[in-house]
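All chains should be built: construct the whole structure from the sequences, respecting the hints.
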Amino acid sequence: MPLFLEAGTVPPTPMARPVSHLLLLALLLGTVRAELLYFTDFDEFPTGDNAWHNFEGWQASDRSSGAQAIVPDLLKGALGNTATLGFNRPNRSLTTVAKTVNYDPAASGNPLVSFALLFGIEDSTDFTNYRRDDFFVTFYNNLGAPLASIRISNTDTDYGFWYRNGSPQSQGYEEIDTGLDFVQGELQELTGFIDFESNRWSAEIDGLPLFTEAVFNGTNRPLYFGFIAIEWQIAQGSPRDFGDNFLLLSDLRLETVEDPPPPVRISSIRQSADGNIQIAWQAAPGYNYAVEYSDNLVSWQDDLSGSTFSAPQQSQTFLFTDASSQGESRFYRIIQTIAE
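Residues in the sequence shown are numbered consecutively from 10, following this note's numbering.
By construction, these hints were calculated from the structure, which means they are not laboratory data. For every residue, glycine included, the Cβ atom is placed at its ideal position computed from N, Cα and C. Careful, some of the hints might be misleading.
Each pair of labels, with its calculated beta carbon distance range [unchecked claim]:
1) Leu103 <-> Gly315: 24 to 34 Å
2) Phe48 <-> Arg209: 20 to 30 Å
3) Asp312 <-> Asp58: 42 to 52 Å
4) Thr109 <-> Thr326: 44 to 54 Å
5) Ala87 <-> Phe48: 30 to 40 Å
This is the structure:
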């Protein structure tokens, strides 16, 4: 489980908006997996415009405009087939492509579900006057009510990741800015964990947390995993005002999980009088810990003295001191792994 924090001035990065002493928690997905609910890399799908619809149970609200498609070798063969949503003028302002899951967490006895997908956002061009739109990963119940969603906004006003706790038309609805951005034109991994019993969820992008233990549904809808949908919303409201931006999707995985790991709870973060960074956290038995650092949130190093910690016999506080930073701009993360 990584925890990211920054010492010194935040360097420019496309993923984290500059804030002082950035603290972010991520979930651990390396737990024992119980049941695969669905997986596709789209390699078995037919290719072409409108080909995403009506294969492996996917259903699209727009079946003729080419707004949804399966494209071969879009990334020079790195992923094989890729699903895309956007680019062509749609028939309606909201285009949805949905996959039925029909998982009842209460009846199954396991309320814990993880999700993972690879996606990218290609920006609009001068062909549509650089109009930009919103894309969503939305979770619905079996009655068709939206439970929660992650909004990937490519718009100039709301650019970045947001999350919603239901339908905007429902009482109790909220949308929250995560404070994090995505990188246009690059493939990124979105992962998450839903606890239908506690009505909480967490998500991260490329290992960087979007939100942790947030309320999943806040609009009092039955918590049944009916289907997942990938959606394109025209920001200016009318199909004629679409942007030719598009989302590409690959390697979608949904599965139940058992025995979720305990969260990493930070006790304190401080800079000592001599300039050393000190991080203290609550360690749980059965888990090893390691502190890694980075200067750019891309390349991570694990060679700091005293940065590895073996699993304790009982819960206790671990303390790490970095005496080597001395005013440098540096990011840290705590890795939690299951002890063998």
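Going down the list of hints, with the structure as the test:
no.: 1; hint: Leu103 <-> Gly315: 24 to 34 Å; result: violated, 53 Å
no.: 2; hint: Phe48 <-> Arg209: 20 to 30 Å; result: holds, 24 Å
no.: 3; hint: Asp312 <-> Asp58: 42 to 52 Å; result: holds, 51 Å
no.: 4; hint: Thr109 <-> Thr326: 44 to 54 Å; result: holds, 46 Å
no.: 5; hint: Ala87 <-> Phe48: 30 to 40 Å; result: violated, 18 Å
Checked against the numbered hints given earlier, this structure breaks hints 1, 5; the rest are met.
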